[in-house]
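S.K.: Here is what each chain is made of, one letter per residue.
2 protein chains.
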Amino acid sequence: MKRLADCHVAIVGLGLMGGSLAGALRGRCRSVTGVARRAGTVELAAVRGLIDRGTTDPNDAVSEADIVILATPVRVILQQIQNLAWHLADGCLLLDLGSTKTQILEAMDALPSQVEPLGGHPMCGKEFSGIDAADPSLYRGCTFILSPLERTAPTALTLGRELVEAVGATPLILDAARQDRLVATLSHLPYLLACSLVQTADATTSPDPAAWEIVAGGYRDTSRVAGSDVTMMLDILATNRHAILDAVSAFREQLDRMTALIEDEDEGKLKAVLASCQAERRRMFP
Amino acid sequence: MKRLADCHVAIVGLGLMGGSLAGALRGRCRSVTGVARRAGTVELAAVRGLIDRGTTDPNDAVSEADIVILATPVRVILQQIQNLAWHLADGCLLLDLGSTKTQILEAMDALPSQVEPLGGHPMCGKEFSGIDAADPSLYRGCTFILSPLERTAPTALTLGRELVEAVGATPLILDAARQDRLVATLSHLPYLLACSLVQTADATTSPDPAAWEIVAGGYRDTSRVAGSDVTMMLDILATNRHAILDAVSAFREQLDRMTALIEDEDEGKLKAVLASCQAERRRMFP
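Protein sequence lines, in the order shown, are assigned to chains A and B. Mapping of the first sequence onto the numbering used here: residues 580 to 865, in sequence order. Mapping of the second sequence onto the numbering used here: residues 580 to 865, in sequence order.
Calculated directly from the structure, the hints in this document are not laboratory data. Some hints here could point you the wrong way.
Copies of the same chain look alike in the list, so a pair counts if it works inside one copy or between any two.
What the hints assert, rightly or not - Here are the simulated lysine to aspartate or glutamate pairs, DMTMM-like style, with alpha carbons at most 25 Å apart:
| no. | residue 1 | residue 2 |
| --- | --- | --- |
| 1 | 581 | 832 |
| 2 | 850 | 585 |
| 3 | 581 | 631 |
| 4 | 705 | 800 |
| 5 | 581 | 711 |
All chains should be built: construct the whole structure from the sequences, respecting the hints.
M.R.: Next comes the structure, spelled out in structure tokens:
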């Protein structure tokens with residue numbers, strides 16, 4: 580398998596994640612071809628210097644590529660794996676950036692044997708989406724999960740690692756089920772909490788104009804990810820449903836426990852719980 | 580009543596909020612006297628240039644002050660209002676920085692008539708506490724709630740406004756019950772959600788070492804306020820119990836509704852809810 584520097588890379592999807600990755604890879608590989616549904620997005624990516632060339636035709640773009648990266652919502656990735664299967668070049672590395680991995684890896688496993696599939700999930704993002712929000716430094720310092728299939732050749736995984744490191748991220752090898760369980764709690768649950776908090780404020784305090792003036796850092800941070808792209812999040816919720824519902828149950832248990840301590844005015848226990856939360860939070864983010 | 584520039588100010592409590600306010604007021608009034616329980620804290624505040632002079636004896640500090648500011652946890656404020664009552668100078672403006680206002684204003688109402696009480700609640704903070712975290716720019720750009728009592732003289736409220744504006748904040752007049760209800764949803768609820776999220780991760784994903792590597796922006800932001808000072812938060816939960824329990828109920832309803840849509844795979848409705856959350860979040864923080 581080639582080195583990254585010798586590879587033609589095609590990125591399908593020029594939103595926040597795909598556009599940012601394109602910009603980060605450009606100059607570190609032979610060429611970056613960007614694919615988007617709308618010609619205006621392709622043009623914008625070119626004007627912003629994120630891609631070497633672009634097209635709205637994925638079949639055309641991927642047939643010459645040594646590396647194809649699918650940077651679309653999870654259920655679009657599932658379709659694209661099927662649609663693109665017979666257009667990929669022999670030995671092509673097919674990587675995706677979807678947030679859930681189990682269903683994607685199942686679809687990848689059905690690919691023709693000359694393709695080298697590799698699941699990917701970069702742990703970065705922003706609450707704004709689209710090419711306008713793209714930023715080549717987005718991947719710097721983030722953990723980039725790689726989920727190889729049994730069929731993935733070691734050389735393909737090595738190329739995947741090289742690509743991840745080239746954009747400033749740190750690769751972490753995880754199997755699909757474990758990654759889906761972890762991100763359900765650490766990423767998808769926070770999204771549902773942020774949305775439910777926004778809904779709560781909307782239903783209770785928002786009619787009071789003062790609410791808009793006193794809304795402070797705590798609310799701003801806790802609600803931030805509610806601004807995430809809806810199509811992306813809908814696909815995540817649909818393809819990681821069980822793990823997410825488990826995470827919500829576990830959360831509800833903790834919230835109920837804490838609420839009961841407040842109701843019962845059990846200050847001793849409440850203090851112990853809050854102190855352990857504080858210590859844990861500070862341990863995670865010193 | 581005097582102008583701020585002519586006032587001796589005493590600040591009781593040199594933690595994050597008191598220490599930051601001291602530093603912001605210094606030079607804008609005649610003097611800033613800092614009061615802390617521990618001599619080491621007073622020394623540190625002096626070394627950092629946050630105060631003109633300091634003491635560990637509140638009675639001594641407040642007797643000469645034109646403005647006394649209580650910057651301690653809510654239930655300590657409740658005690659201090661009683662303890663300091665007869666040590667305050669005639670015409671002294673007594674302001675507090677407590678996050679809940681109903682009980683504090685009740686206590687203030689029982690003060691001798693020559694004192695001018697005024698409830699305060701600056702909508703700023705950090706997840707770190709103590710004099711080490713103090714920062715004179717903390718108040719810049721924040722909304723600073725002022726809750727006058729019926730007995731509060733208009734001139735006292737004017738001086739309170741002047742003080743708030745002097746540190747770069749914007750005053751917002753709110754009555755105690757309304758402020759307590761609003762902050763229950765917009766500030767205290769986010770704290771409980773952050774803590775419950777940390778507890779959930781602790782109980783489910785934390786044993787997996789990969790959890791520490793993939794924890795990303797969503798979790799970091801949603802859990803940030805779980806790092807808040809425990810004593811401060813315990814006092815808030817105790818003195819705003821009913822409004823907070825109402826906010827938790829309202830939240831639980833929203834989370835249940837969203838979870839049901841995920842369980843039922845009702846994508847149409849789920850999409851509508853997520854889109855309205857996204858729009859609302861972006862409207863609040865453009």
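S.K.: Against this structure, judge whether each hint is valid.
M.R.: Tested hints:
In this homomeric assembly, residue 581 and residue 832 never come within 25 Å of each other (Cα to Cα): the closest approach is 50 Å inside a single copy and 54 Å across copies. Proximity of residue 850 to residue 585 under the C-alpha cut-off of 25 Å is found in neither arrangement, the shortest distances being 58 Å within a copy and 42 Å between copies. Within a single copy, residue 581 and residue 631 get their C-alpha atoms as close as 20 Å, which meets the 25 Å cut-off; across copies the closest is 68 Å, which misses it. Proximity of residue 705 and residue 800 under a CA criterion of 25 Å is satisfied in both settings, with 12 Å inside one chain copy and 11 Å between copies.
With identical chains, the CA atoms of residue 581 and residue 711 are never at most 25 Å apart, being 32 Å at best within one copy and 53 Å at best between copies.
Checked against the numbered hints above, the structure breaks hints 1, 2, 5 and satisfies the rest.
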